[in-house]
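Q: Here is how the chains run, residue by residue.
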Amino acid sequence: MMKAPLNKFFRFLLLLYPESFRSHVGDSMMQAVVDSLVGSSVIEKLNIAGNLFAGAAIENGKAICTKLMSEPTSNKTRQLLIGFLLVVPGIVMISLLVLGINPPLGPFEPYFSIDNPFGKWNALAVVFGTVLVLPIVGVWIANGGGSKPSFGMFLVSAAAGLLLVLPLVALQLIYGRLTYSCFPVVLFAILWILPTVAIYVAAPLFARRRRNEYPRPDPLSVALRLVALMPVAIMWFALIKDQMPCFLGVPNCD
Amino acid sequence: MFDVKEKHLTPAVFHILLALSTEERHGYAIMKQVEADSLGKVKMGPGTLYGSIKRMLDGGLIEESDARVDPEMDDARRIYYRISGSGETALKEELQRYSHLVKLTRRLGLSFVA
Chain A
1 MMKAPLNKFF
11 RFLLLLYPES
21 FRSHVGDSMM
31 QAVVDSLVGS
41 SVIEKLNIAG
51 NLFAGAAIEN
61 GKAICTKLMS
71 EPTSNKTRQL
81 LIGFLLVVPG
91 IVMISLLVLG
101 INPPLGPFEP
111 YFSIDNPFGK
121 WNALAVVFGT
131 VLVLPIVGVW
141 IANGGGSKPS
151 FGMFLVSAAA
161 GLLLVLPLVA
171 LQLIYGRLTY
181 SCFPVVLFAI
191 LWILPTVAIY
201 VAAPLFARRR
211 RNEYPRPDPL
221 SVALRLVALM
231 PVAIMWFALI
241 KDQMPCFLGV
251 PNCD
Chain B
1 MFDVKEKHLT
11 PAVFHILLAL
21 STEERHGYAI
31 MKQVEADSLG
41 KVKMGPGTLY
51 GSIKRMLDGG
61 LIEESDARVD
71 PEMDDARRIY
81 YRISGSGETA
91 LKEELQRYSH
101 LVKLTRRLGL
111 SFVA
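Residue numbers (the numbering used here), protein chains in the order written: chain A, 1 to 254; chain B, 1 to 114.
Hints may be right or wrong, so weigh each one.
With a cut-off of at most 20 Å between alpha-carbon atoms, the simulated PhoX-like pairs for lysine-lysine come out as follows [stated by the list, open to error]: (1) Lys45/A x Lys92/B; (2) Lys43/B x Lys45/A; (3) Lys92/B x Lys103/B; (4) Lys54/B x Lys43/B; (5) Lys62/A x Lys92/B; (6) Lys41/B x Lys54/B; (7) Lys103/B x Lys45/A.
These are computed hints drawn from the structure, not numbers from a lab.
Keep in mind it's a predicted model, so treat the numbers as computed, not measured.
Construct the entire structure; sequences and hints are all you get.
A: Structure representation (structure tokens):
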């Protein structure tokens, strides 16, 4: 039989597994651990402990992912937050253009320029889009929009967005210290929010059909998501293209 | 349910199915059988084994049989597992795939195939 302290230690390791896992196979697993420890060497005991620890990490990761990916966004505040974040980048970009402020958006600048003979029509279309279309698209996507809404998916998107921004933060910290008087928090916040929004909006387009939990969006959903995605993607790439020399510490990059 | 047409079996799942293909076994017996079947090359820890068992139960590849005493071990009751119909199909498909690969390597004249 197992000695008491060892028994307690391995029981503790089993407690690291998610409750849903333990309730299913916990007892059987504990018995298998007890069987494995009988007559085992110290190295083998350490191997078993390491295997249990790694298994607990994997199972917890899987349980968290499953929960996050399937948890519907029933909370209205969360839905509004997601909808708001989905439309903010588009609204900011279009507002800057309409107000004539010169944002770092090279490709759009000539198109929306006052010198452009179609400028006022563009401005009208943009105002219409800003006031009506983008908020409707944002709220529609936040409420499901052809796929199951998930606050967890939003958090996963935020994490993925952060991963995309971290290399730029590193560049800024290493090379770009001289080009900004202080760390450009707002710029990096925007650079984080934009891919978060883009990934959240785009995720269902690439999602596999999985037990009907996350069905493929219908054609209307695909079209509307692409509409919401375009300004976000353009703004993000344009911002990076514009700011990259500053991140790399090029003097007078502005 | 587990879709054998879409997925190949992972090595762990394959070995567990193989171990259960001849008789019902409890967790530790599966570990020992896998080690024996693989000539000691695959040593499955309890974390790996039960992670796979949980998913195989969820996927319907195996089923819990009952809790009973193993006559060769102590008097503790252990939960036994058995292969299901889906599990047998999945194992058969995987073995056919391996068989095809062995035939192919023989046809190619690769000398390391016995």
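Q: The structure should be examined with respect to each hint, and the outcome stated for every one.
A: Hints, one by one, checked against the model:
no. : hint               : verdict
1   : Lys45/A x Lys92/B  : violated, 35 Å
2   : Lys43/B x Lys45/A  : holds, 13 Å
3   : Lys92/B x Lys103/B : holds, 16 Å
4   : Lys54/B x Lys43/B  : holds, 18 Å
5   : Lys62/A x Lys92/B  : violated, 28 Å
6   : Lys41/B x Lys54/B  : violated, 23 Å
7   : Lys103/B x Lys45/A : violated, 41 Å
Checked against the numbered hints above, the structure violates hints 1, 5, 6, 7; every other hint is satisfied.
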